[in-house]
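Just so you know, the protein sequences line up as chains S and L, in that order.
Following my numbering, the numbering of the first sequence begins with 1 at its first residue and continues without gaps.
Following my numbering, the numbering of the second sequence begins with 1 at its first residue and continues without gaps.
One or more hints might be untrue.
Each pair of labels, with its calculated beta carbon distance range [unchecked claim]:
| # | chain 1 | residue 1 | chain 2 | residue 2 | range |
| --- | --- | --- | --- | --- | --- |
| 1 | S | Glu-98 | L | Arg-270 | 41 to 51 Å |
| 2 | S | Glu-98 | L | Ser-200 | 45 to 55 Å |
| 3 | L | Arg-321 | S | Lys-5 | 39 to 49 Å |
| 4 | L | Arg-270 | S | Lys-46 | 39 to 49 Å |
| 5 | S | Lys-46 | L | Lys-325 | 54 to 64 Å |
| 6 | L | Ser-378 | S | Ile-95 | 31 to 41 Å |
| 7 | L | Glu-233 | S | Pro-38 | 28 to 38 Å |
| 8 | S | Lys-5 | L | Cys-389 | 52 to 62 Å |
| 9 | S | Ser-7 | L | Gly-282 | 33 to 43 Å |
| 10 | S | Lys-5 | L | Arg-270 | 38 to 48 Å |
| 11 | S | Ser-7 | L | Lys-121 | 44 to 54 Å |
| 12 | L | Thr-122 | S | Ile-95 | 49 to 59 Å |
| 13 | S | Glu-98 | L | Asn-231 | 39 to 49 Å |
Hints listed in this document are in silico derivations from the structure and should not be mistaken for laboratory results.
In this text, all values refer to a predicted model and were calculated from it rather than measured experimentally.
For each residue, glycine too, the CB sits at the ideal point set by N, CA and C.
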Amino acid sequence: MEPLKISIAKDFSGTPGPRYIWEGPDSGELFRTTVLYPALKEAQRKGVELIINLDGTAGYGTSFLEESFGGLARKDDTNPDPFNEKFILDNIQIISNEEEYWIDIIKGYIQEANNQQYVKSY
Amino acid sequence: MRDIFIFLHIKIFFYFVRIHYRTPSLMKNVYQTLKHTKFREKRAIKEKFKRRRFRFLKIARLILYLAKNKKEIIKFRKNKSRSISRNLTNPQIDYHYVNAPVDFSFRKNYREVTAFINKIKTHFDKKHNVYVRFDHVINIDYDAIVILLSILVRFKAKKIHFNGTYPRNTVAAEKLKGSGFFQALKQRDFKESKNYFLGSENSIISTHAETTVDSKRSNEILKKAAKFIWNEERRIPRVQTVFIELMQNTVDHAARKEHKRTKVHDNDKRHWWVSVSYKEIGQNKSVCFAFIDYGVGIFESLKNKPETSFWYKILDKIKERFNPKDDSDALKHILSGELRATSTGQPFRGKGLPGIKQAFDNEQIFNLHIITNNVYASISENKYFLMPCDFKGTFVYWEINESTTSFKIE
């Protein structure tokens, strides 16, 4: 079966914003709850990989990415049923040709969130 | 015959006497006679009493008016500045005078500029009207524009009088004029707002302010910067990251400590300010960004991080690990991202401030300066030191040029 694909620029916003919804438009929290989490759930149901393309946006804040990806593995009010770190890392493929360094950083966010060493960055 | 001759002589004599009598010198003599002097004295006394009576009536009418309209006056006095109570017939605005630094550049003259900002802040907190003397200012740097405009807008938004003199130096005056400073100064119906824009689309300097993390706005600013450098609108992701980190810092600290997810009350929201200016020297084009917020500064906000945050007690962790000599040394370690995340063992880079330093290390931004609390950091010159004065807020300055990585907009 073909993997599921998401492009943040096309499926969410060309200008990703802050961490939380109240901080401003196009937040990481909004992206995770409306796009990323449902897509990953769908990928889990179908048993396929989820490919996320970070290219094409105006640029990312670290808080947006941490809340989006780290938030998948973290249990809180907006995410009562988090994914396991291993599941996320095995079933997500991140494409970032414009800024390759984000791939390792995002993996670090997922690992830290899962270990609950670091819950909220600010 | 003899009688007729005498009569004719007498007639001729009186004829000449009459002519002579009508001349000015004779009139003057008449005017100075005792009878006329007394008349003039009496008239002067009458006029004097008339004027006194008129003045007395004027004051009496005023007192009657005040007695009738007491409530309205008290309300009026509360809403207006204090000086109205001094002289009700002729109210004057009592200004507190402040001299602007001769070299108005935060990066080069941080001591005097910090003292200037602190003085203005004191007056602002006490709601004093301020008159800034720019007469002797020789140089106004682009980083000073954002300070001046942010101060002006804050005063105007709170309806506190803010005025000043023009700089005698024409270059400095032109810079201020181009920034929209005088336009905003003269504006009467200034209202408090969540966002501001000063200058114009085509001016060399434009200033923006917001209370949220507005990535769309920062993207528009960067697109315009790209058009100046590369003659077309482009995306500049690394600089957008820097922008978002700074906006996030400003907005974050205004939030309540306990529940970061709850909405912040409007009164607690703080503006961030950024002035963008365009420089062209020969064939080299660059765009300068001066970002400022009047929060509590980086160090104070680090001391107030919640327990669940990685940044919780970060200063203690840095002290344990690196034993920095002072806050400037601590900032150096924070920016470098040397402190590693305990679970992954990876350097704590790509998060907040270290991300800004990383953009500089990768030559995406240039001439990076950070001034916060009592720390001055010129990252491009690798200079970190303590200032003798305290700046409550965060100031960051950086530039981009043709070597900054950018991408086409699809």
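Next on the checklist: Taking the earlier hints as the rules, which of them does this structure contradict?
Outcome noted: Violated: hints 1, 2, 13.
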